[in-house]
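Engineer: Please put together the full structure from these sequences, using the hints given.
Residue numbers (full-length UniProt numbering), protein chains in the order written: chain A, 1 to 595; chain B, 1 to 595.
Treat each hint with caution, since some may be false.
Copies of the same chain are indistinguishable here, so a pair counts whether it falls within one copy or spans any two.
As the list claims (entries may be wrong) - With a straight-line cut-off of 27 Å between C-alpha atoms, the simulated DSSO-like cross-links for lysine-lysine are:
#, residue 1, residue 2
1, Lys397, Lys93
2, Lys586, Lys429
3, Lys93, Lys590
4, Lys326, Lys201
5, Lys573, Lys590
6, Lys590, Lys49
7, Lys49, Lys201
8, Lys397, Lys590
9, Lys435, Lys93
10, Lys590, Lys428
11, Lys49, Lys428
12, Lys586, Lys573
13, Lys93, Lys428
14, Lys586, Lys518
15, Lys586, Lys326
16, Lys383, Lys590
17, Lys428, Lys586
18, Lys49, Lys586
19, Lys573, Lys429
20, Lys429, Lys590
21, Lys170, Lys49
22, Lys364, Lys448
23, Lys518, Lys109
24, Lys93, Lys586
Read the hints as simulated data drawn from the structure, not as lab findings.
Protein chains: 2
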Amino acid sequence: MRKMGSAHFSLAEALSIISGRSQLVWYYCMMMLCLIPYSLGAGRGHFYKWEVENLYWSPDGVENVVMGINGRFPGPTIRARAGDIIHVQLTNKLHTEGVVIHWHGIRQKGTPWADGTASISQCPINPGETFNYRFTVDRAGTYFYHGHYGMQRSAGLYGSLIVDVAEGEKEPFHYDGEFDLLLSDWWHESVHRQEVGLSSKNFRWIGEAQSLLINGRGQYQCSLAAELSANHCNLTGSEQWAPYILPVLPNKTYRLRIASTTSLASLNLAIGNHKMLVVEADGNYLQPFETSDLDIYSGETYSVLINTDQDPSQNYWISAGVRGRKPNTTQALTLLNYQPTSASKTPQSPPPITPEWNDYNHSKTFTNKILALDDPRVPRPPKNYTRRILLLNTQNKINGVYTRWAINNISLALPPTPYIGAIKFNLKKAFDQAKPPENFPQDYDVMKPAVNPNTTTGSGVYMFDYNSVVDVILQNANALNPNVSEIHPWHLHGHDFWVLGYGEGKFTPDQEKNFNLKNPPYRNTAVIFPYGWTALRFVADNPGVWAFHCHIEPHLHMGMGVVFAEGVDRIAKIPRQGLTCGLTAKRLMKGKNLG
Amino acid sequence: MRKMGSAHFSLAEALSIISGRSQLVWYYCMMMLCLIPYSLGAGRGHFYKWEVENLYWSPDGVENVVMGINGRFPGPTIRARAGDIIHVQLTNKLHTEGVVIHWHGIRQKGTPWADGTASISQCPINPGETFNYRFTVDRAGTYFYHGHYGMQRSAGLYGSLIVDVAEGEKEPFHYDGEFDLLLSDWWHESVHRQEVGLSSKNFRWIGEAQSLLINGRGQYQCSLAAELSANHCNLTGSEQWAPYILPVLPNKTYRLRIASTTSLASLNLAIGNHKMLVVEADGNYLQPFETSDLDIYSGETYSVLINTDQDPSQNYWISAGVRGRKPNTTQALTLLNYQPTSASKTPQSPPPITPEWNDYNHSKTFTNKILALDDPRVPRPPKNYTRRILLLNTQNKINGVYTRWAINNISLALPPTPYIGAIKFNLKKAFDQAKPPENFPQDYDVMKPAVNPNTTTGSGVYMFDYNSVVDVILQNANALNPNVSEIHPWHLHGHDFWVLGYGEGKFTPDQEKNFNLKNPPYRNTAVIFPYGWTALRFVADNPGVWAFHCHIEPHLHMGMGVVFAEGVDRIAKIPRQGLTCGLTAKRLMKGKNLG
Chain A
1 MRKMGSAHFS LAEALSIISG RSQLVWYYCM MMLCLIPYSL GAGRGHFYKW EVENLYWSPD
61 GVENVVMGIN GRFPGPTIRA RAGDIIHVQL TNKLHTEGVV IHWHGIRQKG TPWADGTASI
121 SQCPINPGET FNYRFTVDRA GTYFYHGHYG MQRSAGLYGS LIVDVAEGEK EPFHYDGEFD
181 LLLSDWWHES VHRQEVGLSS KNFRWIGEAQ SLLINGRGQY QCSLAAELSA NHCNLTGSEQ
241 WAPYILPVLP NKTYRLRIAS TTSLASLNLA IGNHKMLVVE ADGNYLQPFE TSDLDIYSGE
301 TYSVLINTDQ DPSQNYWISA GVRGRKPNTT QALTLLNYQP TSASKTPQSP PPITPEWNDY
361 NHSKTFTNKI LALDDPRVPR PPKNYTRRIL LLNTQNKING VYTRWAINNI SLALPPTPYI
421 GAIKFNLKKA FDQAKPPENF PQDYDVMKPA VNPNTTTGSG VYMFDYNSVV DVILQNANAL
481 NPNVSEIHPW HLHGHDFWVL GYGEGKFTPD QEKNFNLKNP PYRNTAVIFP YGWTALRFVA
541 DNPGVWAFHC HIEPHLHMGM GVVFAEGVDR IAKIPRQGLT CGLTAKRLMK GKNLG
Chain B
1 MRKMGSAHFS LAEALSIISG RSQLVWYYCM MMLCLIPYSL GAGRGHFYKW EVENLYWSPD
61 GVENVVMGIN GRFPGPTIRA RAGDIIHVQL TNKLHTEGVV IHWHGIRQKG TPWADGTASI
121 SQCPINPGET FNYRFTVDRA GTYFYHGHYG MQRSAGLYGS LIVDVAEGEK EPFHYDGEFD
181 LLLSDWWHES VHRQEVGLSS KNFRWIGEAQ SLLINGRGQY QCSLAAELSA NHCNLTGSEQ
241 WAPYILPVLP NKTYRLRIAS TTSLASLNLA IGNHKMLVVE ADGNYLQPFE TSDLDIYSGE
301 TYSVLINTDQ DPSQNYWISA GVRGRKPNTT QALTLLNYQP TSASKTPQSP PPITPEWNDY
361 NHSKTFTNKI LALDDPRVPR PPKNYTRRIL LLNTQNKING VYTRWAINNI SLALPPTPYI
421 GAIKFNLKKA FDQAKPPENF PQDYDVMKPA VNPNTTTGSG VYMFDYNSVV DVILQNANAL
481 NPNVSEIHPW HLHGHDFWVL GYGEGKFTPD QEKNFNLKNP PYRNTAVIFP YGWTALRFVA
541 DNPGVWAFHC HIEPHLHMGM GVVFAEGVDR IAKIPRQGLT CGLTAKRLMK GKNLG
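Structural biologist: Structure, rendered in structure tokens:
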């Protein structure tokens with residue numbers, strides 16, 4: 001077995017020009033192997049007409065109902081260049097459910113109303129109605145989109161959003177072809193039932209996923225790898241759940257754009273016999289580093305480069321398995337298929353083994369390698385902060401019966417009136433006017449269950465001065481049961497933040513001296529490890545109201561999030577279409593003669 | 001076995017005063033046997049605070065999710081007196097679904113916006129929002145309420161609404177006590193999945209119900225009657241699916257108020273050893289007639305009187321079984337429990353046998369007995385009509401792939417803007433402006449499948465002159481497959497109609513001479529039998545927009561309905577809260593500064 005040396009990925013080479021890439025991509029499309037269609041925009045505007053509806057679909061071989069777009073699951077891939085304008089005319093074809101779509105990683109500068117977050121940036125789009133999302137994708141990178149209302153992301157409402165560098169611009173690395181891998185987890189129980197369990201007095205956890213999906217395709221209770229299961233999947237390749245296979249030519253460099261929209265699972269991805277050079281995270285370039293396996297948390301995206309320098313008469317497994325929770329879900333598999341080897345040829349080497357789920361040192365080692373590329377396109381953090389808030393993450397009870405997550409002892413309950421309109425029009429009854437706490441009792445023992453686990457719900461907003469520099473210390477803690485502390489990937493809307501550092505136990509101000517102000521990664525999602533803390537810094541320079549929340553869907557549903565706002569008075573225009581609910585509707589319709 | 005003679009129900013006796021009734025009812029409540037709580041209004045106003053949410057519930061012994069109110073399924077019983085005002089403050093606690101509640105049988109004179117019909121009388125109430133239904137119950141009778149958005153009625157959103165005669169008024173019959181029996185059918189598959197099947201290109205029918213429920217209680221795959229099943233239900237009586245037992249005292253007269261909110265099933269109800277005297281239908285008094293079993297279609301209500309004149313040391317089965325469709329659902333059972341006999345004593349006589357499902361002569365014989373009581377409280381029809389429309393009911397295809405029902409070859413597709421606002425504000429883009437057809441080709445052969453089964457969707461409105469007299473001839477036909485014609489119970493909102501007659505085959509104007517103008521029943525729901533027609537007459541005297549539709553939930557979902565409107569310019573006031581969607585929201589927010 002030939003090992004791919006790191007020398008193959010010298011920075012010099014990585015910085016070489018894009019060449020032959022488009023031809024290759026089109027070659028695959030012609031071969032009908034390019035399973036996710038995309039269109040490179042001819043101009044700067046991309047218009048999409050989408051209909052969201054529930055569909056019968058078999059994401060993992062078990063027929064179920066998924067939330068799809070234009071009759072497909074996952075939704076269509078959006079592909080554009082940096083600076084392009086995306087216009088999605090979204091029609092809700094559901095029968096009784098509202099819908100919104102969030103463009104994950106797109107900062108929505110100047111268009112905060114297009115962030116697609118129910119209760120925050122807009123009212124849900126009612127069945128039969130159409131909403132126009134129009135926004136600029138201002139930076140090349142790997143993104144995705146997904147539902148952001150109830151648990152509709154878990155229901156399957158997601159797809160890829162890929163932004164290439166602007167015409168004439170160059171990536172700081174070279175590749176010959178590329179593939180998108182959108183990772184997700186899948187439950188056989190409907191999200192409606194999941195929601196009832198999570199919201200009930202007798203709390204019921206959703207359990208572990210039945211399947212992991214790669215580009216919406218998984219295999220339940222069977223395996224592509226004969227050695228892993230007596231029950232080998234019987235597939236012709238045309239099934240909805242047939243794996244998305246990656247056809248590659250030998251001795252080329254490929255970019256894999258990997259995004260995780262999982263509801264719950266933290267994942268680890270590896271490719272048999274191939275190392276990966278990690279070059280991008282959440283739309284920002286990284287100092288390239290080599291890895292044999294990649295940890296990816298819900299809400300994160302990565303680009304990795306691989307060299308197809310292995311025996312071309314063989315195929316190689318690509319696998320993704322669960323990390324951070326005791327897994328009860330079989331690893332997802334697909335193939336790196338060297339052309340012209342048949343895709344039906346089983347790899348000689350077994351699929352890569354996922355690191356032990358609770359090997360947090362492995363996770364931390366990986367995470368610590370993630371640093372910003374020394375490139376003017378990746379901003380550096382301000383040296384000082386204007387305001388620092390500490391956010392304690394705890395698992396709690398309400399009235400002793402409902403199970404929730406809370407931040408500084410407040411569990412987020414999203415109101416029916418969107419904050420963007422409520423703040424703009426100063427509608428004080430639309431949400432809690434009290435400032436949410438910026439800290440937690442200094443004697444709180446993060447290593448033990450809370451002495452009093454009871455909490456309350458709230459809907460207050462952290463208001464930041466426009467252009468202020470905000471530090472957020474995310475503090476993890478013990479959950480309700482002793483010796484349990486979970487991973488939470490926190491995602492910020494409307495901004496990227498610098499991840500200044502991670503630490504164990506309770507954060508103390510003296511740990512600030514270890515903050516990385518030189519080359520911290522600039523991202524939109526960062527994890528807190530069990531019993532640990534994570535320090536973030538961002539500039540509140542984007543007028544709007546922005547969710548900041550754990551990207552685990554049931555955790556957000558259970559209140560694990562906060563709301564940030566800045567410069568709302570500077571928002572030029574909010575389409576009234578997004579405000580036709582709650583108190584904003586009442587305000588905007590005030591005085592109208594209805595008789 | 002002692003038979004109850006019809007002499008027991010002489011009109012003279014029936015007209016005797018209400019006596020001892022309230023005491024008896026309260027006696028049962030004290031005994032904790034009054035399983036559906038109710039409150040007799042102290043004054044003329046009744047205020048209810050309701051929250052609609054999804055709940056884990058076991059309606060038939062199989063745990064499922066139901067749409068409940070205030071943590072209960074079915075929803076609370078509303079009890080008031082004629083002339084009282086009902087105020088329901090309804091909060092939607094669902095996560096992503098809108099909701100409305102229709103007050104079935106209440107004509108909403110002066111409050112057409114409170115009819116609770118999504119797309120017609122109001123916008124759906126969004127999650128987290130509250131809508132105030134406020135209306136007068138102007139007439140004593142047996143009614144119910146239910147969801148009227150998507151298939152939320154099938155999801156379990158329903159309850160009883162009972163209106164007693166006004167203080168000092170008397171019913172035209174006597175009874176000592178009463179019980180409400182709200183009948184429904186129940187599927188284990190969620191309505192979300194049912195909707196996908198009904199709306200898919202590869203149409204999937206919902207099949208027959210898993211269980212029939214009496215007051216929300218049924219028994220799946222087990223029977224209360226040992227002789228009917230090897231699998232006897234193992235019940236303690238405290239289960240959610242334990243039968244609602246009717247405790248009665250010997251030698252009394254009881255009023256059973258029976259309402260059917262089934263999604264699909266036509267039912268037949270019978271009581272072992274007891275005959276029933278039918279005295280009320282849909283809130284109107286009937287010429288009393290005796291029957292040993294009662295046909296009841298979805299959307300209908302009846303009151304029957306029974307005499308507890310049988311052997312008081314025994315209990316007696318009450319059973320309900322499916323009619324009109326080849327049943328695959330076990331009959332529902334409960335007990336008429338003579339006090340002080342233990343409810344655990346199994347009746348000596350077996351449960352009544354439901355008439356053969358396709359014995360339509362039995363159904364027609366029953367239906368023809370339903371005539372209005374000669375009483376000034378029951379209006380008589382005008383002798384002449386102003387306008388007559390014929391509505392042909394057909395099963396169709398759209399583009400050859402979708403299966404729908406259509407009326408005069410248009411399948412109703414409800415728009416997102418409520419008609420009541422669209423018509424009031426003359427918003428021409430809100431719905432099809434072309435007048436829907438008032439007739440169908442005279443050469444259409446109702447006995448055979450359509451030559452061309454293709455149809456189109458539409459949203460036009462039948463506009464009637466205010467106070468005009470409208471005749472509607474509902475014409476049944478063959479469905480898509482040969483030799484199939486189904487029963488359809490048509491329900492009219494906002495009015496009662498006189499059922500002037502039923503006939504076989506295609507209606508011809510000469511059949512008008514057989515119309516019953518003397519004592520036709522005055523109702524809000526009437527059935528069309530397979531291959532037959534039904535003639536209705538009503539006065540368009542209620543300003544508003546009103547649904548008229550097949551009350552079978554999947555049939556309505558598949559387009560089997562029309563929209564009527566009259567005197568919309570006379571509607572004094574529509575709460576803007578009900579118009580915050582679609583083009584009415586746009587219109588009402590026009591010109592408002594959103595910057």
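Engineer: Given a CA cutoff of 27 Å, do Lys93 and Lys590 count as a within-copy pair, a between-copy pair, both, or neither?
Structural biologist: For Lys93 and Lys590, only the inter-copy Cα distance (26 Å) is at most 27 Å; the intra-copy one is 30 Å.
Engineer: If the cut is 27 Å between Cα atoms, do Lys93 and Lys428 qualify within a copy, between copies, both or neither?
Structural biologist: between (34 Å within a copy, 22 Å between copies)
Engineer: Within a copy, between copies, both or neither: where do Lys590 and Lys49 come within 27 Å Cα-Cα?
Structural biologist: For Lys590 and Lys49, the Cα distance is within 27 Å only across copies (25 Å; inside one copy 33 Å).
Engineer: Checking an output row: Lys586 and Lys429, CA cutoff 27 Å. Within, between, both or neither?
Structural biologist: both (12 Å within a copy, 23 Å between copies)
Engineer: Which holds for Lys49 with Lys201 at a C-alpha limit of 27 Å: within a copy, between copies, both or neither?
Structural biologist: Only across copies: Lys49 and Lys201 sit 20 Å apart there, 41 Å inside one copy, limit 27 Å.
Engineer: Reference check for the pair Lys49 and Lys428, CA-CA at most 27 Å: within, between, both, or neither?
Structural biologist: Classified as between: cross-chain Cα gap 24 Å, same-chain 36 Å, threshold 27 Å.
Engineer: If the cut is 27 Å between Cα atoms, do Lys586 and Lys518 qualify within a copy, between copies, both or neither?
Structural biologist: Neither way: Lys586 and Lys518 sit 49 Å apart in one copy and 51 Å across, limit 27 Å.
Engineer: Check Lys383 against Lys590 for me: Cα-Cα at most 27 Å, and say if that holds within a copy, between copies, both or neither.
Structural biologist: Result: close neither inside a copy nor across copies, 47 Å intra and 47 Å inter.
Engineer: Under a CA distance limit of 27 Å, which applies to Lys397 and Lys93: within one copy, between copies, both, or neither?
Structural biologist: For Lys397 and Lys93, only the inter-copy Cα distance (19 Å) is at most 27 Å; the intra-copy one is 37 Å.
Engineer: Check Lys573 against Lys590 for me: Cα-Cα at most 27 Å, and say if that holds within a copy, between copies, both or neither.
Structural biologist: The answer is both: 19 Å in one copy and 15 Å across copies each meet 27 Å.
Engineer: Under a CA distance limit of 27 Å, which applies to Lys590 and Lys428: within one copy, between copies, both, or neither?
Structural biologist: Classified as both: same-chain Cα gap 16 Å, cross-chain 23 Å, threshold 27 Å.
Engineer: Reference check for the pair Lys428 and Lys586, CA-CA at most 27 Å: within, between, both, or neither?
Structural biologist: Classified as both: same-chain Cα gap 13 Å, cross-chain 24 Å, threshold 27 Å.
Going down the numbered hints, you'll see the structure goes against 8, 14, 15, 16 and 21, while the others check out.
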